[in-house]
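Taken in order, these protein sequences are the chains called D and C.
When we follow this note's numbering, the leftmost residue of the first sequence carries the number 21, and every step to the right adds one.
When we follow this note's numbering, the leftmost residue of the second sequence carries the number 21, and every step to the right adds one.
The reader is advised that the hints may include incorrect statements.
Chain copies aren't distinguished; within one or between two, either way the pair holds.
Keeping only pairs whose Cα atoms sit at most 16 Å apart, straight-line, the calculated EDC-like set for lysine to aspartate or glutamate is [as the list claims (entries may be wrong)]:
{"#": "1", "residue 1": "Lys230", "residue 2": "Asp520"}
{"#": "2", "residue 1": "Lys690", "residue 2": "Glu751"}
{"#": "3", "residue 1": "Lys752", "residue 2": "Asp573"}
{"#": "4", "residue 1": "Lys287", "residue 2": "Glu141"}
{"#": "5", "residue 1": "Lys760", "residue 2": "Asp512"}
{"#": "6", "residue 1": "Lys316", "residue 2": "Glu197"}
{"#": "7", "residue 1": "Lys36", "residue 2": "Asp46"}
{"#": "8", "residue 1": "Lys78", "residue 2": "Asp512"}
{"#": "9", "residue 1": "Lys69", "residue 2": "Asp190"}
Hints were generated in silico from the structure; no laboratory data involved.
Computed from a predicted structure; not experimentally measured.
So you can see what is in the structure, the chains are spelled out below.
2 protein chains.
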Amino acid sequence: MRIVGKELPRVEILEKVTGQSVFGADASVAGRILHGKLLLSPHAHARIKGIRTERAEKLTGVKAIVTAADLPDVQYGRFVRDEQYFAHDKVRYVGDRVAAVAAVDAETAAQALRLIEVDYEELPSVTSAPEAMEPGAPLIHEGFAEYFAADGVEGRAGNICSHRQIVCGDVDRAFAEADQIFEDTFHAPMVHQTYLEPHCVLARFDATGKATVWVPTQAQFPLRAAIAQILHMPMTKVRVIPTEIGGGFGGKILATVEPAAIALARKAGTPVRMVMTRGEDFQTGNPRHPFHMRYKTGVKRDGTLVAREITLVLGTGYSASSGVMISQGAAVRAPGPYRIPNLKIDSYCVYTNTATCAAYRGPAGPQLTFASESQIDMIARELGMDPLELRLKNAMEENDQTPTGAGLQDVYAKETLRKTAEVMGPPSAPGAHPRGRGMAMAHWLVGGMASSAGVKLNEDGTVAILTGVVDLSGASTSLAQITAEVLGVSLDDVHVRTADTDFAPHSTISAGSQALKSMGSAVLLAAREVERQIREVASDRLEADAGDLELDDNRVFVKGTPERGVTLREVGHLALEHRRGPIVSTQSVAQLQSHPAMTTHAAEVAVDPDTGHVEILRYVAVQDVGTAINPLSVRGQIEGGVMQGLGQALSEACTFDQGKMTNPNLLDYKIFSSLDAPEVEVHLIEHPCASGPLGAKGVGEPPIIPPPAVIANAVHDAIGVRIRELPITAEKICIALKQKSNP
Amino acid sequence: MRIVGKELPRVEILEKVTGQSVFGADASVAGRILHGKLLLSPHAHARIKGIRTERAEKLTGVKAIVTAADLPDVQYGRFVRDEQYFAHDKVRYVGDRVAAVAAVDAETAAQALRLIEVDYEELPSVTSAPEAMEPGAPLIHEGFAEYFAADGVEGRAGNICSHRQIVCGDVDRAFAEADQIFEDTFHAPMVHQTYLEPHCVLARFDATGKATVWVPTQAQFPLRAAIAQILHMPMTKVRVIPTEIGGGFGGKILATVEPAAIALARKAGTPVRMVMTRGEDFQTGNPRHPFHMRYKTGVKRDGTLVAREITLVLGTGYSASSGVMISQGAAVRAPGPYRIPNLKIDSYCVYTNTATCAAYRGPAGPQLTFASESQIDMIARELGMDPLELRLKNAMEENDQTPTGAGLQDVYAKETLRKTAEVMGPPSAPGAHPRGRGMAMAHWLVGGMASSAGVKLNEDGTVAILTGVVDLSGASTSLAQITAEVLGVSLDDVHVRTADTDFAPHSTISAGSQALKSMGSAVLLAAREVERQIREVASDRLEADAGDLELDDNRVFVKGTPERGVTLREVGHLALEHRRGPIVSTQSVAQLQSHPAMTTHAAEVAVDPDTGHVEILRYVAVQDVGTAINPLSVRGQIEGGVMQGLGQALSEACTFDQGKMTNPNLLDYKIFSSLDAPEVEVHLIEHPCASGPLGAKGVGEPPIIPPPAVIANAVHDAIGVRIRELPITAEKICIALKQKSNP
């Protein structure tokens, strides 16, 4: 291949590095724009006895105030219809939306918020999912039993939103026959995506009743659907224009500020801009689910895993949102990438009085892998085996099945394990502080939602791609590479930019590692159809069979006689006079089959026993990526994923006091910064994947998954203490070391 | 049909009437925008000996100055490459572009223009085409013989840019055998489109080297091609975003201010807005060609037309532009919609020292019909025949041929004549002033350029159309009607809005009566393919044969058992999970066959012999339109065309003194206003046309064509004087009456 597989800089990079890209808050329309702000609940759980907006309305400069009364009385939610955009009768978390104000400037809007009087009757609240499951816990949705729920949402009771159980084989018998049984509990806290750009929107509502929003979103089509549902509008009256996006990581899929901004713009008759502060974003975003996990594993003396009984409790926050799906998917992936014949998995999705948790890169992945791979490490040590050998002995192979019986193809678990061990090599010399190594393996099922895309040949022989997928991590460049490859043109001759919901064909979301897999497949189909049309036009002109033609170097020519050809510029012009008309195609792909992407990470750390500081000396990430369309972009994805994973491993957690987040800022909420970052040694395993475009697998999610387990295992290897609760802070290490020396 | 054929208001009308539509000068981008202005030549013909911009550059607030030196040295033009965007060695008309300035405000830019010093050496100029053809006339393009010219541009010599001759039969013998010969000369002056919105643009040039222009254009794809050619950029680096447009009428097809604005934005590193004043627009626009016409016609005593010898001299202005095409097309249509066996037509396209003339609604139509139909009236009077009878005797019929031998189908000339006579009825009672009636018939060959369009089904069952055709006169509504008809949905459920060149598939121009004919055909194909996909998905769900299904009322159901069905909303959702993926299609149409659209107009006027004022008492327009998709829109088109035609008949002309326009403002250049407007009695002849979507013919051009001839004939009928030079002003009538009474 000429272009696919080349390390290429991103096609849009110059605009970004020169500051010309238009991000959410940069979006503008002609004329006056009002500033909108949300009034958020200060209580984790309270009844609303009344809202009085009169004083705020009288404030000079206030142009509109909206509350639940201004919106249709709609309950929404993909799996359970448990959400109302503005709180009606109750607030259910600190940050719940109560009202919104549009004013001539942000200061006036903020002042108006203080003049809105809300009578609350405080109610007992619960922010821990295990506590919310207990009898007598405060009930978050009293009317829950009446809510509409989609098929497959089972086991609803009290604050339990869903319960999925998967049973394979006979765990009781297997445990009875096991040589040794390990039982451990683990906890991973709520963590936030901390994208650079907080949620923001510019909304316009025009005379035809059409709402247009400019918004940094990962998912313009689902966002359009959500807005249409919340505001009860047809999709033809909602236009979502995605701006450039300052990070998403799953946190920019759901509707957040958009319905409020539209409602304000409609009421005020003037466009409204809303930009969340970092604190508002922390409190009202859609962070990663906290997980409580119990793993019971039975093994034979030789290291064969015979049974696992797993209980997962996921805190979904005040609404189900994607929590049901993530909880159910977690049940399938919980046993890890191993052959284990006997399984019993219970996965609970539980309401709590916090913001709704939803997708964060590799949903449930880091939490489950932290638990599962920590325990695998503990088992190996207890059995006196090399953890690598234990993993190799039990790792999934081609045609193995998931716990639900789905067959798996393109399984390269062992190859990632062996490559990781090879790269790590022999232990390094000792240093000032105790050193240790850790390893963890994970799998991710990369499927693909349905997508469609267009490709057209311009009259000058250049090519444009029409897609609705937002470019978060280099997807545009890879889509351009695929198209350039098929049509035999240079990358410079391909234009790709995201169209909005009015103009783009229906596109997948930029999440779930599928921007390239799903959209790339649609683009590939469309490019091949455009290639067919080019051959048709050229075939007539050259009086040669279409099948005898070759496309290369921006020309079409007869194979073997390159001088008998036409340029694509000529073809582009000819097509307009030819019996077929302009050369263009839009093609769709259905949902794509899931293939497991395997990844193994390993690290060497040094732990300062006095301070508890963990220094990462080496970090190796080996990932099975199918075909790497743009290896530069793939490596970047993996490096970025590792960094986020290391933040979750070592420092990140949303902390709460009575439902109120105590660290909603980037000083107290500690993400992994470039100063903390180790060099990541990335190695790609490339075997073309049957269901991806030109063999590509999705690559975005897997790299964020192993780091917490890797670090936990490396820390244990270094200093002999096992941390079962993320993050692995210096404080926890110091306490554990103290407990170890004074048991 | 449920929706096609209904009189419906325009889908976008609410935005327009509430002032929310974004027109060219309303376009905005975030951040500072500079103001650009063009330095125009004050001379009709002069050599440029030097340009000094130093003083202007030093003016505070000036950010960029560009001249020919800043642009690639490119000569361009569709038929003859005789244009340079900025004048190099010579200026060739008053208004020729010499330089452009971008400054912080319009006043500073204007002041800077005055500081640019240009050394001109004035040259003799010529603004009349017949004079420009004379030996010894000043040569406008010295290097003309070396310029690239497209195939078919023949007879180049001196200032003659092209000469086309068409000969059929033997005119000399036919004249020898004729009973009577009529020989007359006619003149139609240059007239301007006088759209409400002068030319304007907002241009941005970004770090990736991409130029984006927001511009009210009728022809975004040709404009992109022109910009790419002038600035030597690939089409992927030029994005044309069409704004709403305040009228075009053919005057917004060519590049005008856009390349200057891009060059300024590139040099200044800041977006630039340019808005022409009315005076600048008058002097630098692309008005209708002035025509000098000599018609020699031989007839038999019974009224049979046996021969016509026609000489047409078209003044194209300083460049060929579309003048060659219009001159060549005029040759084909010059004999009028009659069977005339012997023809000799010479059509000359001639350079003059004026702005380039180009397309104006029905190019060459009003001029030719004024000459041809005035003479038909004169012949009838001379032979003592009713002009209606003379026309009926000679009118074209089905399968007749054009002078170049193209066969004509769907010919309804006689039906329009008879219908017009029927509607006019018997003469009205005499009034205070002499009354008279006139009639004229015209034909227009409506073809269609290649186009492509997309249609998609949203997940909620609503429908979006993806088109790049600009909506000048209700095309969007008709495209929505066609789609709603095919898919069985209501008009409210169809969204149609013009996408820009990056996102729209290649689209025809909104001119030449083909926005609906060509784009409608592409939309119809795409809608039918979407219908097929809907049937496919519904067929699986309903377990019924796709062919047994019916689409109506936003549902798909089994014919005869409407309760066995699914809603389109369900189909839209299902498709995303179905093996076919999202429902979307993009389809292309090639160039479409030309069908003659026939129209006959008649008027009754009263002429005040003292003042020369012509009062229009009645005006009847009968037009063959194929299927009227939206009769309200069709009638609106016809009424508007008649008004513009009446302006050309009675008051409009660009007047010059030494190449300088003497009436470049709407006080001195008199368009027909709503105070002058008669009620127009519109009657549609509907016979579905084979080459149009659902039988539609283009309707935009024909109604502007007959009015000058109709008024000339009616004035003659009233007061017995024949005006052979447009416009038929009160002054000309008074002079003619005086000459008649004192010959």
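Each hint, compared with the structure:
| no. | hint | in the structure |
| --- | --- | --- |
| 1 | Lys230 x Asp520 | within (14 Å within a copy, 19 Å between copies) |
| 2 | Lys690 x Glu751 | within (14 Å within a copy, 86 Å between copies) |
| 3 | Lys752 x Asp573 | neither (60 Å within a copy, 65 Å between copies) |
| 4 | Lys287 x Glu141 | neither (29 Å within a copy, 63 Å between copies) |
| 5 | Lys760 x Asp512 | neither (61 Å within a copy, 72 Å between copies) |
| 6 | Lys316 x Glu197 | within (14 Å within a copy, 113 Å between copies) |
| 7 | Lys36 x Asp46 | within (13 Å within a copy, 26 Å between copies) |
| 8 | Lys78 x Asp512 | neither (57 Å within a copy, 38 Å between copies) |
| 9 | Lys69 x Asp190 | neither (53 Å within a copy, 98 Å between copies) |
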